[in-house]
Amino acid sequence: MERGTFDYAKLPKIYAIAILAKNILPTETFHTVANLRSEIGEIIDSQLTFITIELAKFDKIVTEIETDLDKLVYTMKTLHTTEPTQYPAFWNEEWLRVCWGI
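Heads up: the sequence shown begins at 1 in the UniProt record's numbering, then just goes up one per residue.
To be clear, the hints were calculated from the coordinates, so they are not data collected in a lab. Treat each hint with caution, since some may be false.
Below, computed lysine-lysine pairings styled on DSSO-like, alpha-carbon distance capped at 27 Å [to be verified]: (1) Lys71 - Lys60; (2) Lys22 - Lys71; (3) Lys22 - Lys77; (4) Lys71 - Lys13; (5) Lys77 - Lys60; (6) Lys57 - Lys77; (7) Lys60 - Lys22; (8) Lys22 - Lys57; (9) Lys71 - Lys57.
Remember, it's a predicted structure, so these values are computed and weren't measured experimentally.
Using the sequences and the accompanying hints, generate a full structural model.
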């Protein structure tokens, strides 16, 4: 193998997404976006992003759902316990029907 040069800055970003049923972070928000930082707070690598969604912190009711993220998280949290007669209207949106097979 020959030694060469490689432009690592041109690599695509990596996203690590954790969807958790319970809370593990000391934040109030249900989703957190973070980058790897050193012990003094400097960003070590902006190519790697960690996204954490804590379903237990998501407490919106159907009438409060506004964004696609709200719709997605609400669906992940409630789909397994919702009867077909209780499906919210936004579950008829094609992108959600395709994702969840509903």
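Quiz item: Which numbered hints does this structure break?
Solution: none
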